[in-house]
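S.K.: Put together the whole structure using the sequences plus the hints.
There are 2 protein chains.
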Amino acid sequence: MQIVFLFYDGMTALDAIGPHEILCRLPGASVKRVARKAGSIHTDSAGLMVTAEYALSDVSHADVLLIPGAGNATTQQAHPEVLAWVKSIHQTTTWTTSVCTGSLILGAAGLLKNLRATTHWAALERLPTWGAIPVNDRVVEDGKIITAAGVSAGIDMALTLAIRLASPVVAQSLQLGIEYDPNPPFDVGSPKKANPAIVEALRNRLTASFEKSI
Amino acid sequence: MQIVFLFYDGMTALDAIGPHEILCRLPGASVKRVARKAGSIHTDSAGLMVTAEYALSDVSHADVLLIPGAGNATTQQAHPEVLAWVKSIHQTTTWTTSVCTGSLILGAAGLLKNLRATTHWAALERLPTWGAIPVNDRVVEDGKIITAAGVSAGIDMALTLAIRLASPVVAQSLQLGIEYDPNPPFDVGSPKKANPAIVEALRNRLTASFEKSI
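Those protein sequences? They're chains A and B, same order as listed.
Just remember that this note's numbering sits 7 ahead of the position in the first sequence, which is counted from 1.
Just remember that this note's numbering sits 7 ahead of the position in the second sequence, which is counted from 1.
Incorrect hints may appear among the rest.
Claimed, not checked - Derived DSSO-like pairs: lysine-lysine, alpha-carbon spacing no greater than 27 Å straight-line:
no. : chain 1 : residue 1 : chain 2 : residue 2
1   : B       : 94        : B       : 39
2   : A       : 44        : B       : 44
3   : A       : 200       : B       : 94
4   : A       : 200       : A       : 151
5   : A       : 151       : A       : 94
6   : A       : 151       : A       : 120
7   : A       : 39        : B       : 44
8   : A       : 44        : B       : 39
9   : A       : 39        : A       : 151
10  : B       : 151       : B       : 200
11  : B       : 120       : B       : 200
12  : A       : 39        : A       : 94
Hints were generated in silico from the structure; no laboratory data involved.
M.R.: Structure below.
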């Protein structure tokens, strides 16, 4: 089972590493990290670097494709080479997935037309640009495309995928293995639950950042 | 505010990257990733590589030190150089922290004597080896040492730290920014909640793995 992560400069590290920690431990999983050029990738997480061992041209098939998001102007939505690769890999997948604004890359590749999809809450209104129907859920499935909401939602998506790719027992064991029994100090992780002033301040900041990337 | 992550071969990627995604976005934070030798670090997450820009000898102070855990034999508990560095940095910190079995490194450095601490649920009984008092909580604070339970607990710990290092409003904004409104498909993330057969199978597998690292 070939699980392929698209890496790119400017990606948000946790978007990829959250689901990576789960999916890479699936029985029979073989994981590839792929970027336009193989080598060091600068995430938008304080310059943290991760490595992509493969270039796009090295990978022509995936059972699962996962595309992380990014908060700034360096997303890959404008790279024809990346979009063509995403489109072509999608033809070979069982599941094509994204986390956070990674769904905007799927959209730019033309894969979300008339499909229900999600993204980071502050970017939801951008989905119709690509013909997608925005859905304000944490994990959204339409056909073989699964999109997750912002950053940490990739962990929930990966567990959902683990059920499909393996079994509920395997998914539960993976969840227990990473002791995913969440207990944040506040219950403010969605705009519905957070203080409206915090939501608006963050929306304005993130919207300005996303603007640069479209 | 200098936030220092210890990286090492064999570390579990999400142990570090979960809290990293939050702490690196704290106002005024300057993040350093440090390893015995600067360069590529092979995590135990399907060979995913991350980069440590600094060697131990480059860093002599931290406001926050964070030590991730590892599932296998390559933890740093036996490296006198690492343990001496951890001990010395601890003298300079406001907070010394660990995720998952990272607390066993704190223990091996002699920093947990008679302190309450936690670790991955399957490694809790190892804490007394280092004179620590094991506590089965998700985030445990004793003096300036904060230890988190397995892997994903680092995210909750980082939000707790964000309250202390900045403010509840900043912590809430960071939580909303990563849309941390967890909703896993099952509620089985702790041994108390999971199917006992799954707990025992995983405990046996992890115990065998941890054995190698002590």
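S.K.: Checking against the hints above, which ones are violated?
M.R.: Hints 3, 4, 10, 11 are the ones this structure does not satisfy, whereas the remaining hints hold.
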